[in-house]
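Student: Sequence:
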Amino acid sequence: MAAVTVDPQLLAGPSGRPALEALIDELEGRPTLVCFDGAWPSDVGSDTRSALRHLPALSVAVRCPDPALAIAFDLATADADALQELRDGFERAPYAAVTAALLLRSSPDDTWAGLVAESSAYSLLQSGPEFRRWLASGCRPPAADDDRPRVQLERRGKVGEVVLSRGSRHNALDVRTRDELHARLRELASGSGPIVLRAEGPSFCAGGDLGEFGTAAGPVQAHIVRVTRSLALLMSELAPRVVVALHGACIGAGIELPAFATRTVAADDARFALPELTLGLLPGAGGTVSVRRRVGPARLLELLLSGEPIDAATAQGWGLVDEVVPRDQLLDRVYEIAEART
Numbered sequence: 001m002a003a004v005t006v007d008p009q010l011l012a013g014p015s016g017r018p019a020l021e022a023l024i025d026e027l028e029g030r031p032t033l034v035c036f037d038g039a040w041p042s043d044v045g046s047d048t049r050s051a052l053r054h055l056p057a058l059s060v061a062v063r064c065p066d067p068a069l070a071i072a073f074d075l076a077t078a079d080a081d082a083l084q085e086l087r088d089g090f091e092r093a094p095y096a097a098v099t100a101a102l103l104l105r106s107s108p109d110d111t112w113a114g115l116v117a118e119s120s121a122y123s124l125l126q127s128g129p130e131f132r133r134w135l136a137s138g139c140r141p142p143a144a145d146d147d148r149p150r151v152q153l154e155r156r157g158k159v160g161e162v163v164l165s166r167g168s169r170h171n172a173l174d175v176r177t178r179d180e181l182h183a184r185l186r187e188l189a190s191g192s193g194p195i196v197l198r199a200e201g202p203s204f205c206a207g208g209d210l211g212e213f214g215t216a217a218g219p220v221q222a223h224i225v226r227v228t229r230s231l232a233l234l235m236s237e238l239a240p241r242v243v244v245a246l247h248g249a250c251i252g253a254g255i256e257l258p259a260f261a262t263r264t265v266a267a268d269d270a271r272f273a274l275p276e277l278t279l280g281l282l283p284g285a286g287g288t289v290s291v292r293r294r295v296g297p298a299r300l301l302e303l304l305l306s307g308e309p310i311d312a313a314t315a316q317g318w319g320l321v322d323e324v325v326p327r328d329q330l331l332d333r334v335y336e337i338a339e340a341r342t
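Residue 44 in the numbering used here sits at position 44 of the sequence shown; the count goes up by one each step and never skips.
Calculated from the structure, these hints are not laboratory results. Every residue gets a Cβ at the ideal spot worked out from N, C-alpha and C, and that includes glycine. One thing to keep in mind: the hints can contain errors.
Cβ pair distances, simulated, as ranges [stated by the list, open to error]:
1) Asp47 <-> Ile337: 46 to 52 Å
2) Gly191 <-> Ala82: 43 to 49 Å
3) Pro108 <-> Thr314: 25 to 31 Å
4) Pro18 <-> Gly211: 31 to 37 Å
5) Ala183 <-> Ser42: 30 to 36 Å
6) Glu187 <-> Pro65: 50 to 56 Å
7) Pro326 <-> Glu28: 50 to 56 Å
8) Asp79 <-> Pro275: 45 to 51 Å
9) Ala82 <-> Gly193: 40 to 46 Å
10) Gly193 <-> Gly29: 32 to 38 Å
Given these sequences and hints, build the entire structure.
Tutor: Now the structure itself:
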C-alpha cells in the first residue's frame, strides 16, 4: 500500500511500453498510487499511451504539459496541495481507490453493463479489509425500526410527485426506502407524464443508511438484490420524464440517483459528496455511471478521494446539476419545468 513517484522519461520512445510492463511487475499486486512527476518527454508513443490504460494502479500525471497525454492517466494536477490531497485520500483506502480507478477507466457505455460492473466491484470491496475495518470501528449507527412510510406518491395535475418522507433521518436510503421508491417509480413508469422527485426535511438524501451496512446475508447475495431491484436502472429509464429538486445534504445515493435525470435543480443550500471511500467502498447506487457521465471520470475520482462536499455553485460548474436557485424558489422552479412538459 504505497504511493510511488516515477520519472515521466520512463515513457519516452519505443522503450516506454516495456518500461511500464516492468513497473507493473514491481507493483506485485499491491494497491499503488503512481505519480509521474518530472520533465515530460515529447515522444510518448501510442503503444505506451494505450499501456497506461492497463496500469493496475491509480495513475496521476503531475504538471504534464500535453493535455492529450494527460487524459491517458486517471488524474492530472499541477498543484502541490491538490496532489497531497489525492495522496491522503488514497491512503485512507488504497484497495477501494485502485478498484474505483480501474472501474472508471474501463466503464462501459451501456447503462446496464455499467451498473452490473459497479455492483460487482462494490460487492468485492464489501469482502475487503477496508470495509471490514470500518465495520469493526463502531462508526455504524443503530438501524431505525420505525414503520412509517418512507416514500409518498402524489399527483399535481398531470405531474406525478414522488416524495422522500423520511426527513427525520435525512432521507437516508435503507432497504425499505429503496423498495418503496422503486415501487412508486414503477407505478409511474407505465404512464407518460412528467415526474417530480423531491424530499421532505432538511436534506434531499444523506446517502445509504449506515445502520444497515454489513447486515446483508453476504456480498454476493447483495449484488443480486442490487441488480434485481435497481433504482439506478429505473431512474435511467425514466430520465427524460424526471425533474429532481435537490436541497441540503445530497450525499452518495443522494446525488448518484438524481444524476441520471435529464433535469436536476439544486437549492443554493445543497451540498454534494461521495464519501464511500471512507468506508472502503465505491459508489454503489449507480454513481460510476450517472456521475461519471455528468462530470467525467477524473472529477468523480477527485470527489471520491476527497470525500469532502462541494457546494451547489461548484456542482453546477462541473455539470453535476443543471440549475441552482434560492431555496425558497426550488419547488416553484421544479414544477415550472415539469408542467411545461405536460
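Student: Which of the listed hints are not met by the structure?
Tutor: Result: hints 4, 5, 8, 10 break, sorted rising.
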